[in-house]
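**Student:** Which chain is which? The protein sequence lines are G and V, in order.
Using the UniProt record's numbering, the first residue of the first sequence is number 1, and each one after it goes up by one.
Using the UniProt record's numbering, the first residue of the second sequence is number 1, and each one after it goes up by one.
Simulated from the structure, these hints should not be mistaken for laboratory data.
Warning: the hint list may mix true and false statements.
If you anchor each label on the Cβ, the simulated ranges turn out as follows [to be verified]:
#, chain 1, residue 1, chain 2, residue 2, range
1, G, A135, V, F173, 14 to 22 Å
2, V, I102, G, G81, 34 to 42 Å
3, V, L82, G, P75, 14 to 22 Å
4, V, K232, G, P75, 38 to 46 Å
5, V, D127, G, P75, 40 to 48 Å
Pairs of lysine to aspartate or glutamate, EDC-like flavour, derived with a Cα cap of 20 Å [to be verified]:
#, chain 1, residue 1, chain 2, residue 2
6, V, K176, G, E100
7, V, K176, G, D112
8, V, K176, G, D101
Only some residues are given here: those of chain G computed to face chain V with a beta carbon under 8 Å [stated by the list, open to error]:
#, residue
9, L56
10, R96
11, F108
12, S157
Quick reminder that beta carbons are idealized off the backbone N, C-alpha and C, glycines included.
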Amino acid sequence: MDRWVEMLEIKDLKVAYGRVRAVKGVSFTVEEGQIVCLLGTNGAGKTTTLKTISGLLRAESGEIWFDGRRIDAQPAHEIVGLGLAHSPEGRRIFPRLTVEDNLRLGAFARKDKAGIAKDLQRAYGLFPVLYERRAQPAGTFSGGEQQMLAIGRSLLSHPRLLMLDEPSMGLSPLMMQRIMTTIAELQQEGVTILLVEQNAQAALSLADYGYVLETGVITLENTGRALLSDERVRKAYLGED
Amino acid sequence: MIVLQAMVDGLSLGALYALIAVGYTVVYGIIQLINFAHGEVFMVGAFGSMTVWLLVPGQQLGLWMLPIMLIGGMVASVAIALLMERVAYRPLRNSPRLAPLITAIGVSVFLQEFVRLFYGRIPGFPDAKANVTFPTIEGVTGTAIKLGGLDIDRPTIFTLAALIVCTVFLYLFVNKSRIGRAMQATSQDPDTARLMGINVDRIIMIAFAVGAVLAAIAGTAQGMMNTNINFKMGFIAGLKAFSAAVLGGIGNIWGALVGGLVIGVLESLATQVMPHGSAWKDVWAFVVLILILVFRPQGLLGARVVDRA
Numbered sequence: 001m002d003r004w005v006e007m008l009e010i011k012d013l014k015v016a017y018g019r020v021r022a023v024k025g026v027s028f029t030v031e032e033g034q035i036v037c038l039l040g041t042n043g044a045g046k047t048t049t050l051k052t053i054s055g056l057l058r059a060e061s062g063e064i065w066f067d068g069r070r071i072d073a074q075p076a077h078e079i080v081g082l083g084l085a086h087s088p089e090g091r092r093i094f095p096r097l098t099v100e101d102n103l104r105l106g107a108f109a110r111k112d113k114a115g116i117a118k119d120l121q122r123a124y125g126l127f128p129v130l131y132e133r134r135a136q137p138a139g140t141f142s143g144g145e146q147q148m149l150a151i152g153r154s155l156l157s158h159p160r161l162l163m164l165d166e167p168s169m170g171l172s173p174l175m176m177q178r179i180m181t182t183i184a185e186l187q188q189e190g191v192t193i194l195l196v197e198q199n200a201q202a203a204l205s206l207a208d209y210g211y212v213l214e215t216g217v218i219t220l221e222n223t224g225r226a227l228l229s230d231e232r233v234r235k236a237y238l239g240e241d
Numbered sequence: 001m002i003v004l005q006a007m008v009d010g011l012s013l014g015a016l017y018a019l020i021a022v023g024y025t026v027v028y029g030i031i032q033l034i035n036f037a038h039g040e041v042f043m044v045g046a047f048g049s050m051t052v053w054l055l056v057p058g059q060q061l062g063l064w065m066l067p068i069m070l071i072g073g074m075v076a077s078v079a080i081a082l083l084m085e086r087v088a089y090r091p092l093r094n095s096p097r098l099a100p101l102i103t104a105i106g107v108s109v110f111l112q113e114f115v116r117l118f119y120g121r122i123p124g125f126p127d128a129k130a131n132v133t134f135p136t137i138e139g140v141t142g143t144a145i146k147l148g149g150l151d152i153d154r155p156t157i158f159t160l161a162a163l164i165v166c167t168v169f170l171y172l173f174v175n176k177s178r179i180g181r182a183m184q185a186t187s188q189d190p191d192t193a194r195l196m197g198i199n200v201d202r203i204i205m206i207a208f209a210v211g212a213v214l215a216a217i218a219g220t221a222q223g224m225m226n227t228n229i230n231f232k233m234g235f236i237a238g239l240k241a242f243s244a245a246v247l248g249g250i251g252n253i254w255g256a257l258v259g260g261l262v263i264g265v266l267e268s269l270a271t272q273v274m275p276h277g278s279a280w281k282d283v284w285a286f287v288v289l290i291l292i293l294v295f296r297p298q299g300l301l302g303a304r305v306v307d308r309a
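Using the sequences plus the hints, can you model the full thing?
**Tutor:** Given below as structure tokens:
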């Protein structure tokens, strides 16, 4: 069975903040097992799109389907339980809770204790620094460590689809490489990934498929490799002229 | 000796303020609302335990009545607190912060007037337009216990014991329970808490309920201390407890407990040791409030050690 199965389907999504419409009719799909990348400049609507999928924002119109189920009317705290995790922009770890408490909160929607313990070990295995400093308040961590914690925390919900918003923001090149390697590893483990990134080079090298979002509409889509060599993408996002 | 006696009395008063102050601080920590109607949650708690006493036939005064009255007070307080959250504050969740604040003052006045006008209309219930005599439960009211020259009032012992039990309970609840961790997460970052699967509406309700349970214990204790209760008892006590919460650092539960005890002892010392001090009884808490707002607005324990890097 080599046929791709659609895991996430967005149909004509429109989202507004007050009177300003940030997403103006976006449609795209993420297929099971893929890494799909959303590219675009600041204000293009990438973060708004992710927040609407995870239920933090409500769509004006359009549909969101996850795993054959329509979720655009469901509250955020129920969506994570369906297997759709969202690691938000800016990491948003809980600074005054310990690393381990942060990780355990990622599993808040779950009841299977054995599974949680296993996923906790998996997160510690991916990022040993989290284990070494598990009793420390998360706010004492550097940006890169906080990003590891944020990803680890998302994994504790045992997601089948993981949405990562700007995971490389503010990280050193070395740390960024580490995060990108982890994303590839997660795909190997069978996690589907929807990635929002400013760093187009790194993101497209990983992505099976990519969409370019400009001021609330998708202007370009193709496989990651094709986008990487697309002249328009190279000019706009890879700093070439 | 007079100083020592004043301190014992102050601890009792302070335990009362501390129990009420937790309600201000827990709610503030989650939704950044100063619930000025929390004094009325305390008042309704006192009337709730009074009501249960009235409903049990034969005007029982045995100590066994105390837990029954406490439960009655808690039920009344929690019901009122959840009702005000649902009806008055939740619809204003995304409004400018001034709107729920003014609403809270409205809820406060409404509840005072409601109790004043309607309590006595229930057949067999005393008129609540003036003081209502509170039952003198055996063991926890009556003659003071002598201890090496000090008079220790029986309600004092109850109030301090209640404070200790509540502190232990709060510590375990906040730090060791799953819901407690979810409360801390919600207070630090509500949107991200939702992404973890936490039902933030439910956490807010739990915050109101926890504050109400402690307020009901305080209301019952106040009834036994003063031997009477009235519809406006929550006004000054609420404002003093609010001052205690600010003193300790609003949003910080342990700060509220410490702040309550400090304000209680200060008030008692100032009242009993200073000449003509008792005329100024209601001044000291607010002197402390003003001083702390000027010199240490984050409160005694309010300093955040670590935040976002």
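**Student:** Of the numbered hints stated previously, which ones are contradicted by the structure, given in increasing order?
**Tutor:** none
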